[in-house]
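The residues making up each chain are set out below.
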Amino acid sequence: MQLHLDESVDNFTDEFKKLSNIDLYNCYQCGKCTAGCPVAGFMDKTPNQIIRFIQLNQPEIVLNSKTPYICASCNTCSARCPKDIDIARVMETIRILGVKKGIKPKVKGAAEFNKLFLKYVKTEGRSYELGMTAEFNIRTGQFLKDAALGAEMFMKRKISLLPEGVKNKKRIKKIFEKSDYFVSRNDSDNKNIKEH
Amino acid sequence: MDYGYFPGCSLHSTAKEFNISTKAVCDEIDIKLKEIDDWVCCGATPAHNTKEELGIALPYSNLLSASGQGLDNVVAPCAACYNRLKTAKHHVNNSETIKNRMTEILGDEINTDIKVFHVLELLRDEYGYEKLKTMVKKPLKDLKVACYYGCLLVRPTDVVNFDDPEDPVSMDDLVTVTGAQPVQWSHKTECCGASHAIPQTNVVLELVRRILNAAKIAGADCIAVACPLCHVNLDMRQSQINNEFMTEFKTPILYITQLVALSLGVDYKKLGFESHFNEPFTLLKEKGII
Amino acid sequence: MARVGVFVCHCGENIARTVDCSSVAERASKLRDVVYSVDYKYMCSDPGQTLIKDAVKKYELTGVVIASCSPLMHEKTFRRAVSEAGLNPFLCEMANIREHCSWVHEDKEDATQKAFDLIRIMVEKVKRNHPLQPIRIPVTRRAMVIGGGVAGIQASLDIADGGRQVVLVEKSPSIGGHMAQLSETFPTLDCSQCILTPKMVSVNSHKNIKLYTYSEVESVEGYIGNFEVTIRKKARYVDDTKCTGCGICQQKCPMKKIPGEFNTGLGKRTAIYVPFPQAVPNIPVIDKENCTYFKTGKCKACEKFCDRKAIDFEQKDEFIKEKVGAIVVATGYDLYSIKKEQNFPTVKGYGEYGYGKYPDVINSLQFERLLSASGPTFGEVKRPSDGKTPETVVFIQCVGSRDDAKGISYCSKICCMYTAKHTMLYKHKVHNGKAFVFYMDIRSAGKNYDEFVRRAIEEDEAVYLRGRVSKIYQEGDKLIVKGADTLSGTQVEIAADLVVLATAMTAQSDIVPLAQKLGVGYDKYHFLSEAHPKLRPVETNSAGIFLAGACQAPKDIPEAVAQASAAASKVLGLCSSEELEREPYVATVNETTCAGCGFCITACPYQAIERKEIKNRNGEVLKTVASVNHGVCQGCGTCLSICRSKSIDLAGFTDEEVYAEIDAMFA
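Residue numbers (this note's numbering), protein chains in the order written: chain A, 1 to 196; chain B, 1 to 290; chain C, 1 to 667.
With the rest of the complex left out, here is chain A (with noise of 0.2 Å):
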């Protein structure tokens, strides 16, 4: 891989910190967050990598990668971090901004997992496991995933057969309808960022 430094025309490091209120030039590149990661194994970049590609104004890279739908937001790295850099949201925040720019993750299942559980969400008030997860094993062609603990599942009553809906759908629907992908920050709303 080579990379043109100089040929970066918009500042992603600069963006990315107006989404995320974390300014990434405070990392030092230790590699805490990737050594203590429970799933840094399954990635392909591991998290330090991926906050380097941002200091590197590398967007591409970035969005693309599998490692921000690897990570499970356990928040190891950012409890851990000397610096103090909540890398869990850096994770989060390249998801919504894939969500926005509409990408597909390099991860099977799991734009369509999030999808489906608050598509229920929104028409019910309150996620619906059996219709997720059969809607979900049906999108992702994996029609028996789970088939025999589904089963038992149901037997023991821990999953219903139709959803558990609220009285004021209307309210969650509206709920759904104003919320926007982040939050606009201006320069003076500085209480989230940690400085040093």
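Read the hints as simulated data drawn from the structure, not as lab findings. Do not rely on the hints blindly, as some may be mistaken.
Heads up, simulated SDA-like pairs for lysine to any residue below, C-alpha to C-alpha not over 20 Å straight-line [said to hold, decoys possible]: (1) 169(A) / 69(B); (2) 167(A) / 169(B); (3) 234(C) / 307(C); (4) 83(A) / 156(B); (5) 178(A) / 99(B); (6) 145(A) / 242(B); (7) 18(A) / 63(A); (8) 340(C) / 169(B); (9) 83(A) / 524(C).
Reference listing, derived: stretches of chain A covered by chain C, where coverage requires no fewer than 3 residues with Cβ under 8 Å from a Cβ of chain C [stated by the list, open to error]: (10) 35-41; (11) 77-87.
Quick reminder that beta carbons are idealized off the backbone N, C-alpha and C, glycines included.
Based on the hints, put chains B and C in the right spot on chain A.
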């Protein structure tokens, strides 16, 4: 005092044992739980991974409902719901911009004073472990428990902030109160894979294998959890793990509230043990608890 | 009648390029009370100075204004010149028309006008200047060194060899400090004690050094050249005039299992003990907290067996006063602990490495003791939990250091070097052993330092992994280390037998009371503050008090020794004559108008002002006024601004002089 109760979607389905046992414990010690009217899903992982504002507005709307009902606190047993409620509150408290956006989206003035408790906090801080100890009727002697906190109870530290993120003891201390023995083990706060269970099952299998293995090495008889997703991943998937990795795990996974309820003398038949994938009856009989 | 001379310097092109010097000199000659005004290319040169001297004599000048560079450059030069011509040097002032004018402005007309204004202002001041004499204070030509580590030892020897008496005060039972705990030193791999003990012995036998061990500084009075320090000599319960150091008391003591401080808790000692065999002085101390007699009233075995009758259970702390002219602070460092309980409230422990509960996760000083031939395992590398020889050792650098989240942002400087050393020494002792080092950067900037680190990697096959470690946990009898190697972009897991943490070098946890007694400043990490980080690294802002070694900042042994010698040279300079000369910019109190309110006493940052009673012939106190100690006063002027009755004035910058400048500015 009335405590607002936010069960969350899981406690009404895959984690009904958690719901039953939490209510049983509160009944025994006279804590009145009032379920929030018409509560909505907190959004869990998908909401905050799709739209930042949705991830804050969904949980916050529940705090508004509680506040509207005259409640000034909310107890959420599910660690994920607890984490989302606290995160929403944290964002609103620390950012004028977010506070204003929430007012716009939810259409109501925000009450920032409402408190959010996890059931562990409720028992430790509101009720008190010392007091709880005096209510124990059947100490769970000889039971070695690995307390599994997972991620969302202890991180992010500035949001949750009720126990040490590297070496938490609130659940261990509660287990001691019940008469059982908490074991020292290495994977107290290691992630189980959470909501990757459905879209990336292979990841969850590996992560859970590590946890089950660590508990076994530490000599634990069972693992105590306080999160529905951790429970499902650790309990339901043991057979899949055994198939995949040629292991022989048969570790009962119990909700902490089930253990507390047992020690308070609640009838074991009323705690939902029959719907566990890894039946705990053999173990409990062995230890003379039932 | 004032007769002022004005001398305008061109400074080559520096001033003349922007300021029209001859026209400025010409205009200055027309000022009232200016009787001579001239411009010249280089005023500071020999001919320039001669020009000034001749003018002083010829025109009988009563004041001189030199318009040239900054006083920091040449005030001394010009004052010496006028003094040679018979004029009091404090009647010579400089108007800075270079740094404050020609070097910062471009417009020639404006700059020229400004230069003239600056001269005009200075002329008004110098007309009101008083002739001043430098202040002379007597000097006690002895020094005190606080701290008996390698820095304190070096400073003491250098001062003593320079012919001055030194009082060395050390709080632990022996001198030697942390260097005595080391096995071998980088980059030469010299045996640490072998190179240190000769110096320790020299200290003990030097005729100019008075050694107080197991002693601390109780209080400090006085000022530069005239300190009086009270030392608390803690009770050893052993009479140091009788004890011969035979050691029988330690053999007979029944309390044998106390974790010893010198062996960093890895070895055991007795209640009556000498910290290590080569201790200086070789006189034991009874640890009261753990002594059977002090706890229960029984035993006294040491007393029974001591044939010199040197044990004295009734001994009390002794207070000794010493008068010295200079003090060198060489109190050294502590190491960061990963435990949950911390000495500094801003620092956090390392929960992810176990908060110190794993016996086989040790720090670097503990590893030194394992390597040391005189250590708890006699130089064999054995792990604390089960005494087995570790086959896989993981070394982790930057534990605490460079970690904002833990509260320590600085680099501890020595860890990269000593970790490389550890890998080499480990490999030399355990031939089949494997050493892994987790690092962020390698800082090996000294002479032969980088080559030393390369040796560890190239010859002794240490595996260096670039990344931090996120977690260490116990699995069976192994320690699982989860780290990263950013160079290969991988997560790295190692099952280690022993983990050695290079923990941060910190200030001593109890340094603040001592710093406050001395009036020495410290930073947020409690490292003592030097007067200027580049140009005055061994002085402090308290005149007469100097720093040496790690109490100022993390550093290695060569730097500590160099600083110690530097501090010693400052001390010898201070003590070189019977009297100390100071510039006369000191405050003086008008005792008639002084109301004795004491505001100035509180305000003075140097504690230079005291209360003084004015008595009549019968000894009755008429009034109490403030009085300035001219030996300590630094001429900052704070007291002037706070005095409500304008009873205090500053020589060289009197109210009259300064107001004259201000009036002239707006004329």
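Can you list which hints this structure breaks, lowest number first?
2 and 3
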